[in-house]
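Can you make the complete structure from the sequences, with help from the hints?
These are the residues of each chain, in order.
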Amino acid sequence: MTQASRPMPAAPGPGRRGVVGGLFGLTAAALTAPVLTACGAGPSADPKTVTFGSNGADATPKSAYAAVTKAFGKESGLTVRTNTVDHDTFQKSITSYLQGTPDDVFTWFAGYRMQYFAKKGLAGPVDEVWDTIGGGFTDAAKQLSRGEDGRYYFVPLYNYPWAVFYRKSLFAERGYQVPGTWDEFIALARRMGKDGLSPVASGYGGGDSWSILGAFDYLNLRANGYDFHMSLMRGETSWTDKRTARVLDLWRELTPHYQKSGGGRSWQDAAQSLLDKKSGMAVIGLFLGQQVTDEKIRADLDFFAFPEIDPAHGQDAVEAPTDGFMLSRRPKNEDGAKKFLAYLGGASAEETYMSVDPSNLAVNERADTGSYNALQKRSAELIASAKHISQFADRDSDPGFISTVVLPGLTEWLGHPDDGTATLKKIESQRSRFFTA
Amino acid sequence: MPPASSSPSRLGRGDRLFLAFVIGLPLLALLVLVWLPALASIALSFTTWDGIDLSGIHWTGTENYTQIFTNYPPFWPAVGHNVLWLLFTALLPTPFGVFLAYHLDQKIRFTRFYQTAIFLPMVLSLAVVGFVWEIVYDPDTGLLNSVLDAAGAGHHIDWLGDPDLNLWAVLIASAWRHTGYIMILYLAGLKSFDPALEEAAALDGANGRQTFFRVVLPALKPVNVIIVVVTVMESLRAFDIVYVLGGGTGSKPGMELLSLLITDNIIGESGHIGYGSALAVILLLVSLAAIGAFLVQTFRKEDA
Numbered sequence: 067m068t069q070a071s072r073p074m075p076a077a078p079g080p081g082r083r084g085v086v087g088g089l090f091g092l093t094a095a096a097l098t099a100p101v102l103t104a105c106g107a108g109p110s111a112d113p114k115t116v117t118f119g120s121n122g123a124d125a126t127p128k129s130a131y132a133a134v135t136k137a138f139g140k141e142s143g144l145t146v147r148t149n150t151v152d153h154d155t156f157q158k159s160i161t162s163y164l165q166g167t168p169d170d171v172f173t174w175f176a177g178y179r180m181q182y183f184a185k186k187g188l189a190g191p192v193d194e195v196w197d198t199i200g201g202g203f204t205d206a207a208k209q210l211s212r213g214e215d216g217r218y219y220f221v222p223l224y225n226y227p228w229a230v231f232y233r234k235s236l237f238a239e240r241g242y243q244v245p246g247t248w249d250e251f252i253a254l255a256r257r258m259g260k261d262g263l264s265p266v267a268s269g270y271g272g273g274d275s276w277s278i279l280g281a282f283d284y285l286n287l288r289a290n291g292y293d294f295h296m297s298l299m300r301g302e303t304s305w306t307d308k309r310t311a312r313v314l315d316l317w318r319e320l321t322p323h324y325q326k327s328g329g330g331r332s333w334q335d336a337a338q339s340l341l342d343k344k345s346g347m348a349v350i351g352l353f354l355g356q357q358v359t360d361e362k363i364r365a366d367l368d369f370f371a372f373p374e375i376d377p378a379h380g381q382d383a384v385e386a387p388t389d390g391f392m393l394s395r396r397p398k399n400e401d402g403a404k405k406f407l408a409y410l411g412g413a414s415a416e417e418t419y420m421s422v423d424p425s426n427l428a429v430n431e432r433a434d435t436g437s438y439n440a441l442q443k444r445s446a447e448l449i450a451s452a453k454h455i456s457q458f459a460d461r462d463s464d465p466g467f468i469s470t471v472v473l474p475g476l477t478e479w480l481g482h483p484d485d486g487t488a489t490l491k492k493i494e495s496q497r498s499r500f501f502t503a
Numbered sequence: 061m062p063p064a065s066s067s068p069s070r071l072g073r074g075d076r077l078f079l080a081f082v083i084g085l086p087l088l089a090l091l092v093l094v095w096l097p098a099l100a101s102i103a104l105s106f107t108t109w110d111g112i113d114l115s116g117i118h119w120t121g122t123e124n125y126t127q128i129f130t131n132y133p134p135f136w137p138a139v140g141h142n143v144l145w146l147l148f149t150a151l152l153p154t155p156f157g158v159f160l161a162y163h164l165d166q167k168i169r170f171t172r173f174y175q176t177a178i179f180l181p182m183v184l185s186l187a188v189v190g191f192v193w194e195i196v197y198d199p200d201t202g203l204l205n206s207v208l209d210a211a212g213a214g215h216h217i218d219w220l221g222d223p224d225l226n227l228w229a230v231l232i233a234s235a236w237r238h239t240g241y242i243m244i245l246y247l248a249g250l251k252s253f254d255p256a257l258e259e260a261a262a263l264d265g266a267n268g269r270q271t272f273f274r275v276v277l278p279a280l281k282p283v284n285v286i287i288v289v290v291t292v293m294e295s296l297r298a299f300d301i302v303y304v305l306g307g308g309t310g311s312k313p314g315m316e317l318l319s320l321l322i323t324d325n326i327i328g329e330s331g332h333i334g335y336g337s338a339l340a341v342i343l344l345l346v347s348l349a350a351i352g353a354f355l356v357q358t359f360r361k362e363d364a
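So the protein lines, in turn, are chains A and B.
First residue of the first sequence? That's 67 in the working numbering, and the numbers climb one at a time after it.
First residue of the second sequence? That's 61 in the working numbering, and the numbers climb one at a time after it.
I should point out that these hints are in silico values taken from the structure, not numbers from a laboratory.
Among these hints, one or two may not hold up.
Stated by the list, open to error - Here are the in silico distance ranges between beta carbons for each label pair: (1) B:Tyr174 x A:Gly139: 28 to 38 Å; (2) A:Lys140 x B:Ser185: 33 to 43 Å; (3) A:His482 x B:Ile286: 56 to 66 Å; (4) B:Asp75 x A:Lys128: 30 to 40 Å; (5) A:Ser129 x B:Ile83: 38 to 48 Å; (6) A:Lys128 x B:Ala187: 46 to 56 Å.
Stated by the list, open to error - From chain B, some residues computed to sit far from chain A (all C-beta separations above 12 Å): (7) Pro97; (8) Leu151; (9) Thr176; (10) Ala177; (11) Ser185; (12) His215; (13) Glu258; (14) Val285; (15) Thr291; (16) Thr309; (17) Lys312; (18) Met315; (19) Leu343.
Think of the CB as a built atom: it goes at the ideal place given N, C-alpha and C, for glycine as much as any other residue.
Put into structure tokens, the structure is as follows:
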């Protein structure tokens, strides 16, 4: 303003135009920066470093992975740079993550979705790694680690069974018997309800709606068998099939015994109600143990296999999701990454992991199971006795189908459990969109 | 400065370059960052694509749209919920925000404190707002159920889990935030309002209500336009608070909204880019129609 009154504008410092120009220059730089960095990120990384994308963001798995990577670093002289992302976020952004600049090695799940990424070329084959580690695994574990083309794409670390959990002391106090069949199970639930307990803990609120699938999977496995369950999951069978309708009919016998207001509760709060003896039983995975802080309660926890419905199938299937690792499609340090994978598939990595997180079971048979607590031992027996091992609905099927069609349908149905015809029809009408031959 | 350069028609070469730079760069940014993705979405809405390989894009014509309109169970509920959201927001929190603003503008004690308190929810990040309301609505330990229990109602209400109830629970949370927003916008308008008009109305014998509806409201037309536009836009693009209260995993029964269906199909493991784009195009058209109709009507009246 003062410049206008001066005869000769000396204009010390930057003029208005200079400032504006500078700002635009900055904008231009900001706009082009992503392009430039995208070009720069070639496979020119440090050969002493392996990057590792982990979904183990909760305290227990996080420190367990930290222990494993540290042990690997000591053994191999390589440094592992871990990039930890929240479990749900990791899962949701996996497609874009794998297409961008993923870490060399990343955590993932066995099953349909692993095979999907292998088929799409977003993951690298790890056959060489299996030449080293193959001896430690059962055929079932090998089967789980192969893609549709027969090559290996996955290195398993641990698995954990789903079952019906309860507290031994509660059953002893009240004289409850472990049920073996569906009728006994429903009768027990009824009795618990009369005794003022919430018979079956229920918490599928917020982002936890996946937790209802454990019951669905088991009902289907017990009533219709493993083969039907898998073909339903893979989109090969109609959801309006009367066998699927039967699953909802059975479920409808159980839902009145569910803890009230499950739709607004987290699974952790539901698990807590079991630990507090407010709920009698819970259909949940061994990861329930991560909720336990008091070792006395851990010793008091037990489970039984989901009860038999059709004698033809008995209790021959166990739902035991397997977690492990995959190799990204263009790892920056391929040799290091494969070394790391071979280490992760070995017995000592398993032992290190289990020593920090005792809510899982080692998949590698050579891992020392001497330190297992009672629950882990029982879990290992349960899995070993199974004729069929399923993963989990969102791992055995197209996860998009499960999360955007099946889960909304089933959670809505759980609010008002009817004969389910309308729900199943809705699910069926969407099936072809996800499973095109 | 020499007088010759004062004429705008005779720009030097440097000036022209500078102008081209200053206009061209934002234009380029707008094209690349807004129009290109928008047009790409429209194009993709006629295809199916899993989002992985460009070679995986297959042209399907209007298949996505027919599917959405005839065979997509959450679609019509989502449209209904969006309409409900709009009506609710337009009829309750928006007028209430205006009401608060009008009264807080009078010379009452502690008005600054009230203004701050009511505007506070708007300052909080949505993640925090979601967290606050999760605590209120928790079925076991939540504030609301504890109060009801203490009052002897005696049964649990599953505020966020019950599909017949959860949308209302979220609407209350959203209204809590929206009221403060509207209040601040309207307060800003009221500050520019000439008090002489109000005095004149009082002299003419108008009562409080007449003064507000006949004098203040018409005089604040520009602010009213902004408030209507904000309300419509916020209602149609409502997403964040539902997403947070729904647990951050996409649409839930009873809380489907168009914006959530879009993310259901595009983000996440689903990878139905074409289908999601078609939903996005539908939302774009609805928003354009609603806002366009309103703006055209408002400004046409002004011109006449």
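Consistency of the hints with the structure:
1. B:Tyr174 x A:Gly139: 28 to 38 Å: 59 Å, violated
2. A:Lys140 x B:Ser185: 33 to 43 Å: 41 Å, holds
3. A:His482 x B:Ile286: 56 to 66 Å: Since the Cβ atoms of histidine 482 of chain A and isoleucine 286 of chain B sit about 43 Å apart, the hinted range of 56 to 66 Å is violated.
4. B:Asp75 x A:Lys128: 30 to 40 Å: 59 Å, violated
5. A:Ser129 x B:Ile83: 38 to 48 Å: For serine 129 of chain A and isoleucine 83 of chain B the Cβ distance comes to about 55 Å; the hint is violated.
6. A:Lys128 x B:Ala187: 46 to 56 Å: Roughly 21 Å apart at Cβ, these two residues miss the hinted range, so it is violated.
7. Pro97: 14 Å, holds
8. Leu151: 27 Å, holds
9. Thr176: For threonine 176 of chain B, whose nearest Cβ neighbour in chain A is about 31 Å away, the distance exceeds 12 Å, so it holds.
10. Ala177: At about 28 Å from chain A, alanine 177 of chain B clears the 12 Å cut-off, so the statement holds.
11. Ser185: 17 Å, holds
12. His215: 8 Å, violated
13. Glu258: The claim stands: glutamate 258 of chain B keeps its Cβ more than 12 Å from every Cβ of chain A (closest is about 36 Å).
14. Val285: Non-interface label stands for valine 285 of chain B: nearest chain A Cβ at 30 Å, farther than 12 Å.
15. Thr291: Given that every Cβ of chain A is farther than 12 Å from that of threonine 291 of chain B, nearest at about 28 Å, it holds.
16. Thr309: 4 Å, violated
17. Lys312: 7 Å, violated
18. Met315: At roughly 10 Å from the nearest Cβ of chain A, methionine 315 of chain B sits no farther out than 12 Å, so the non-interface label is violated.
19. Leu343: 17 Å, holds
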